[in-house]
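Start from the sequences, fold in the hints, and give me the full structure.
If you read the protein sequences in the order shown, they are chains V and H. Okay, so the first sequence: first residue is 1 according to the UniProt record's numbering, each after it adds one. Okay, so the second sequence: first residue is 1 according to the UniProt record's numbering, each after it adds one.
No lab work stands behind these hints: they were computed from the structure. Just so you know, not all the hints are guaranteed correct.
Said to hold, decoys possible - Residues from chain V that face chain H, not an exhaustive set, calculated with beta carbons under 8 Å: (1) E240; (2) D241; (3) L244; (4) Q264; (5) Q265; (6) E267; (7) D327; (8) S400; (9) N418; (10) T419; (11) G421.
Claimed, not checked - In silico DSBU-like cross-links for lysine-lysine, where the CA-CA straight-line distance does not exceed 30 Å: (12) V:K63 with V:K298; (13) V:K248 with H:K58; (14) V:K147 with V:K490; (15) H:K24 with V:K416; (16) V:K231 with V:K102; (17) V:K154 with V:K102; (18) V:K362 with H:K58; (19) V:K490 with V:K430; (20) V:K122 with V:K232; (21) V:K73 with V:K63; (22) V:K490 with V:K455; (23) H:K58 with V:K336; (24) V:K531 with V:K336; (25) H:K58 with V:K63; (26) V:K73 with V:K187.
To be verified - Computed footprint of chain V on chain H, listed as stretches where at least three residues anywhere in the stretch have a Cβ under 8 Å from a Cβ of chain V: (27) 51-65; (28) 71-80; (29) 244-256.
Glycine included, every Cβ here is placed at the ideal spot set by N, Cα and C.
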Amino acid sequence: MRASNRRWLARKRALSYFLSAFSVFLLLTGCESGSSELTANHDASSAINSQTDKEELVLAVGKMDGGQFDPKKGWGMTQIRLTHSSLLTIDPELNFIGDLAKSYTISEDALTWTFPLREDAKFSNGEQVTAGDVKFTYEMLKEDGIKFDLSFVKSIEATDNHTVVITLNEPRSTFVSQLTEIGIVPKAHYDDHYSQNPIGSGPYKIVQYDDGQQVIMEYNPYWYGTEPQFKKLTFLLYEEDAALAAAKAGEADIVYVPPTFAEQQVEGMTLRIYESIDSRGIMLPTQPSGGKGLTNGKEVEYGNDVTSDLAIRQSLNVGLNRQELLDVALNGYGQKAYCLCDNMPWFNEETVTEDGDVEAAKKILADGGWVDTNKDGIVEKDGRKAEFTLYFSSSDQLRSDLSLAVADQAAEFGIKMNTVGTTWDDIYVKGKTAAVAWGGGRHHPHQLYTMNSSKVFDQGINNMSYYRNPKVDEYLDKALTAPTQEESNKYWKLAQWDGTTGFSGIGDAPIVWLVRVDHLYLANEKLDLGKQPIHSHGHEWALFGNVTEWTWGK
Amino acid sequence: MLSIQEEIEVQGVKVGGEFNVRKKMLLWLTISSGFLLIILILSFWLSNDHLRLNATNKNLAPSLGHLFGTDWLGRDMLTRTMKGLRLSLAVGAFASLISVIIATVMGICAATFGKAVDAVISWIIDLFIGMPHLVFMVLICFIAGGGIHGIVLSISLTHWTALARVVRSEVLQIKSAEYIQISRSYGKSPWYIARKHIMPAIFPQIMIGFLLMFPHVILHEAALTFLGFGLSPQTPAIGIILSEAMSHISTGKWWLVVFPGLLLVVVVKCFDSIGEQLRILLEPASSNE
Numbered sequence: 001m002r003a004s005n006r007r008w009l010a011r012k013r014a015l016s017y018f019l020s021a022f023s024v025f026l027l028l029t030g031c032e033s034g035s036s037e038l039t040a041n042h043d044a045s046s047a048i049n050s051q052t053d054k055e056e057l058v059l060a061v062g063k064m065d066g067g068q069f070d071p072k073k074g075w076g077m078t079q080i081r082l083t084h085s086s087l088l089t090i091d092p093e094l095n096f097i098g099d100l101a102k103s104y105t106i107s108e109d110a111l112t113w114t115f116p117l118r119e120d121a122k123f124s125n126g127e128q129v130t131a132g133d134v135k136f137t138y139e140m141l142k143e144d145g146i147k148f149d150l151s152f153v154k155s156i157e158a159t160d161n162h163t164v165v166i167t168l169n170e171p172r173s174t175f176v177s178q179l180t181e182i183g184i185v186p187k188a189h190y191d192d193h194y195s196q197n198p199i200g201s202g203p204y205k206i207v208q209y210d211d212g213q214q215v216i217m218e219y220n221p222y223w224y225g226t227e228p229q230f231k232k233l234t235f236l237l238y239e240e241d242a243a244l245a246a247a248k249a250g251e252a253d254i255v256y257v258p259p260t261f262a263e264q265q266v267e268g269m270t271l272r273i274y275e276s277i278d279s280r281g282i283m284l285p286t287q288p289s290g291g292k293g294l295t296n297g298k299e300v301e302y303g304n305d306v307t308s309d310l311a312i313r314q315s316l317n318v319g320l321n322r323q324e325l326l327d328v329a330l331n332g333y334g335q336k337a338y339c340l341c342d343n344m345p346w347f348n349e350e351t352v353t354e355d356g357d358v359e360a361a362k363k364i365l366a367d368g369g370w371v372d373t374n375k376d377g378i379v380e381k382d383g384r385k386a387e388f389t390l391y392f393s394s395s396d397q398l399r400s401d402l403s404l405a406v407a408d409q410a411a412e413f414g415i416k417m418n419t420v421g422t423t424w425d426d427i428y429v430k431g432k433t434a435a436v437a438w439g440g441g442r443h444h445p446h447q448l449y450t451m452n453s454s455k456v457f458d459q460g461i462n463n464m465s466y467y468r469n470p471k472v473d474e475y476l477d478k479a480l481t482a483p484t485q486e487e488s489n490k491y492w493k494l495a496q497w498d499g500t501t502g503f504s505g506i507g508d509a510p511i512v513w514l515v516r517v518d519h520l521y522l523a524n525e526k527l528d529l530g531k532q533p534i535h536s537h538g539h540e541w542a543l544f545g546n547v548t549e550w551t552w553g554k
Numbered sequence: 001m002l003s004i005q006e007e008i009e010v011q012g013v014k015v016g017g018e019f020n021v022r023k024k025m026l027l028w029l030t031i032s033s034g035f036l037l038i039i040l041i042l043s044f045w046l047s048n049d050h051l052r053l054n055a056t057n058k059n060l061a062p063s064l065g066h067l068f069g070t071d072w073l074g075r076d077m078l079t080r081t082m083k084g085l086r087l088s089l090a091v092g093a094f095a096s097l098i099s100v101i102i103a104t105v106m107g108i109c110a111a112t113f114g115k116a117v118d119a120v121i122s123w124i125i126d127l128f129i130g131m132p133h134l135v136f137m138v139l140i141c142f143i144a145g146g147g148i149h150g151i152v153l154s155i156s157l158t159h160w161t162a163l164a165r166v167v168r169s170e171v172l173q174i175k176s177a178e179y180i181q182i183s184r185s186y187g188k189s190p191w192y193i194a195r196k197h198i199m200p201a202i203f204p205q206i207m208i209g210f211l212l213m214f215p216h217v218i219l220h221e222a223a224l225t226f227l228g229f230g231l232s233p234q235t236p237a238i239g240i241i242l243s244e245a246m247s248h249i250s251t252g253k254w255w256l257v258v259f260p261g262l263l264l265v266v267v268v269k270c271f272d273s274i275g276e277q278l279r280i281l282l283e284p285a286s287s288n289e
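Listed below in structure tokens is the structure:
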């Protein structure tokens with residue numbers, strides 16, 4: 001009996017040692033996976049470094065392959081300039097200028113857009129970019145209707161080989177920005193397997209694409225624009241810490257860094273800071289619980305009984321201290337945000353408020369009927385505690401830090417947020433019933449519409465908070481169908497705040513915008529990244545708008 | 001390695017006879033339990049205010065003000081570690097208790113309700129042992145929807161098998177012992193025999209099983225929280241602390257990993273030592289094996 005017992009105990013103990021060893025092993029392999037990939041690339045990059053005339057760059061800027069180079073899968077929602085070209089493009093001052101189109105003309109009624117195409121534009125396989133390809137691309141995306149909403153387009157006509165005429169059903173002020181985002185694909189070579197062999201008319205062509213690992217691009221000799229200095233770009237699709245390790249090992253020329261890593265000194269590299277309109281805020285459901293709707297086509301519940309109370313949302317807008325959030329979660333690398341479009345031409349400056357005012361927040365809550373009666377530090381109304389879940393993407397360090405900081409501050413004026421880090425898939429299912437750390441910010445105002453108009457309920461991930469305000473809807477519609485930029489900007493501003501209502505924080509606050517994130521990169525000190533426009537959402541994309549202008553100093 | 005050292009010490013003591021084995025064991029016991037007690041007291045005594053986010057006290061290396069340093073959001077690591085260990089201890093105690101209850105019930109049932117039940121239970125035990133622990137726990141935790149209750153459930157449901165086997169064989173052995181036969185022939189009821197004869201006989205086994213399960217459970221709790229599983233990131237759990245620190249190791253913030261990791265190992269070792277010493281105290285004869 002004792003012998004068996006003894007053996008059991010010995011085994012038990014051996015097991016516990018084995019387990020401690022195993023957990024250490026787990027920790028180690030966790031660190032290891034990044035560096036083993038690094039060593040695999042070591043030979044290639046040391047060869048690069050030894051060259052005197054630098055023609056190759058190694059970049060670790062995150063998962064830059066979202067959309068897999070296919071506009072139908074979402075390539076172009078943020079940045080396409082490396083591999084594709086579009087009818088129009090934007091310059092560093094955010095003006096719309098011709099790209100594939102030499103210029104463009106809009107008819108008086110803003111319904112007919114005419115684009116004379118460049119005649120020297122060729123795809124990376126040497127074939128001419130024709131009006132037929134443009135027509136094909138736009139019609140394909142219009143029919144698909146998922147990634148790009150082109151439902152307002154009546155017809156796309158190729159009047160000759162080098163002229164495209166697009167006719168609209170109604171004026172659409174944001175169409176011009178879509179023209180910069182839709183990369184033209186070749187009609188003759190486009191099929192469902194386009195991602196495996198993407199052919200575009202951008203400065204680079206893809207020579208190797210290992211899904212989730214790396215992308216290798218080479219200069220497209222048929223490129224019609226300025227010849228870039230760097231003929232080969234290797235993108236390592238690393239996470240943030242692996243990217244930093246690659247930089248420290250001297251194996252990458254540009255890496256993206258989160259604010260928590262910004263203080264890192266890496267020999268031969270300097271920190272590049274770019275202001276962005278990449279905004280972060282807290283999305284708050286505006287409807288009471290119990291609704292049923294769709295997110296990305298899946299049936300989900302929506303609504304939250306706490307956040308649907310206006311006082312809760314407004315108190316967060318006033319009570320949260322944006323500067324402190326910047327200091328805590330972003331190491332100060334960012335700007336305060338009050339709307340999705342701060343400092344853009346369509347931004348309404350009246351929405352800027354005094355924030356960090358805990359007393360004012362408490363007063364708004366008290367006026368709304370939220371009082372802490374049982375002295376537990378959380379305010380109540382009709383027996384319901386001001387407590388709700390705040391979801392954030394757990395793979396996103398910045399959002400998780402920001403969420404913790406927001407929850408920490410909100411507790412000061414009696415709102416309890418339970419932060420839960422999870423996957424985006426999970427957030428899309430549960431997110432409409434709770435707060436979500438949300439993000440956005442583009443070079444155009446269309447997101448103001450998709451995030452706040454009641455007409456886009458249940459479409460994709462639009463208007464997650466189910467916000468509905470007839471007045472705001474009216475302004476948004478007017479802004480969208482305005483014939484000129486100036487007029488549309490007027491209505492975008494009114495939709496944010498017209499003196500009595502609006503979707504901004506001082507209005508209905510369906511999303512309390514908090515900070516704009518500076519985009520940070522560690523780049524080789526010899527590398528000149530040219531004049532960068534203000535960056536848009538998407539750390540991994542924003543950099544490449546002017547890739548052909550980059551130079552290597554001696 | 002440590003266990004070999006201990007063995008040598010115990011033997012040395014026996015041969016030399018200069019130390020009192022019992023006293024030495026008691027000393028070990030006191031140190032281990034004292035240490036655990038200090039952690040528990042600290043975890044209640046340290047204020048939650050130290051967990052507030054703080055822009056001025058970010059990324060401080062260990063100092064007198066912050067013995068374990070602070071993390072990238074300015075939270076005091078000593079407080080986080082202590083509260084994390086408290087969670088580990090609580091989860092450990094609770095999950096071990098449930099495991100022991102399952103093990104006892106299963107073990108006694110297997111031994112007393114005849115061949116068919118024995119076969120079924122033995123098959124279940126084999127099944128559970130056959131599955132890789134961690135994978136099985138991840139699975140159960142996922143099905144239970146994560147969170148603390150998922151972790152407790154998954155650990156409880158996977159750790160009872162070995163103890164159940166011991167209980168089963170003990171009960172089988174005791175059942176055929178003479179005094180049980182005599183008791184039965186005196187007309188004592190099966191319930192009386194179970195209560196008065198079997199339970200007292202297997203109680204030390206259960207007690208030691210409980211204590212030795214503790215370190216095991218705590219390590220698994222750390223492993224599961226390390227992998228996430230529905231715990232919110234401000235929950236100070238040792239696994240969460242370690243996994244969060246992972247991305248900051250590359251920036252040289254060693255104190256985020258070293259102290260919590262070290263304390264976890266020490267706590268586990270403490271329980272192991274308490275269980276071991278108690279086993280020897282309760283079964284003095286086995287120390288001579």
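Hints, verified against the model:
1. E240: Holds: closest Cβ of chain H sits about 7 Å from E240 (chain V), inside 8 Å.
2. D241: It holds, given that the least Cβ distance between D241 (chain V) and chain H is near 5 Å, below 8 Å.
3. L244: holds (6 Å)
4. Q264: Result: holds, 6 Å to nearest chain H Cβ.
5. Q265: Violated: closest Cβ of chain H sits about 10 Å from Q265 (chain V), beyond 8 Å.
6. E267: violated (15 Å)
7. D327: Since chain H brings a Cβ to about 4 Å from D327 (chain V), closer than 8 Å, the hint holds.
8. S400: holds (6 Å)
9. N418: holds (6 Å)
10. T419: With a minimum Cβ separation of about 5 Å from chain H (threshold 8 Å), the hint on T419 (chain V) holds.
11. G421: holds (5 Å)
12. V:K63 with V:K298: holds (26 Å)
13. V:K248 with H:K58: Judged against 30 Å, a Cα distance of about 23 Å means the pair holds.
14. V:K147 with V:K490: Since the Cα atoms of K147 (chain V) and K490 (chain V) sit roughly 27 Å apart, the hinted pair holds (cutoff 30 Å).
15. H:K24 with V:K416: Between K24 (chain H) and K416 (chain V) the Cα gap is close to 51 Å, so the pair fails against 30 Å, i.e. violated.
16. V:K231 with V:K102: holds (26 Å)
17. V:K154 with V:K102: With Cα atoms ~23 Å apart, K154 (chain V) and K102 (chain V) stay inside 30 Å; holds.
18. V:K362 with H:K58: holds (28 Å)
19. V:K490 with V:K430: violated (35 Å)
20. V:K122 with V:K232: Roughly 19 Å separates the two Cα atoms, so the pair holds.
21. V:K73 with V:K63: Holds - the C-alpha atoms of K63 (chain V) and K73 (chain V) are around 15 Å apart, at most 30 Å.
22. V:K490 with V:K455: holds (20 Å)
23. H:K58 with V:K336: Given that 30 Å is the threshold and the Cα spacing comes to 21 Å, the pair holds.
24. V:K531 with V:K336: Holds, because 23 Å separates the two Cα atoms, which is no more than 30 Å.
25. H:K58 with V:K63: holds (29 Å)
26. V:K73 with V:K187: holds (17 Å)
27. 51-65: holds (count 5)
28. 71-80: holds (count 3)
29. 244-256: holds (count 6)
Comparing the model with each earlier hint shows violations of hints 5, 6, 15, 19; every other hint is respected.
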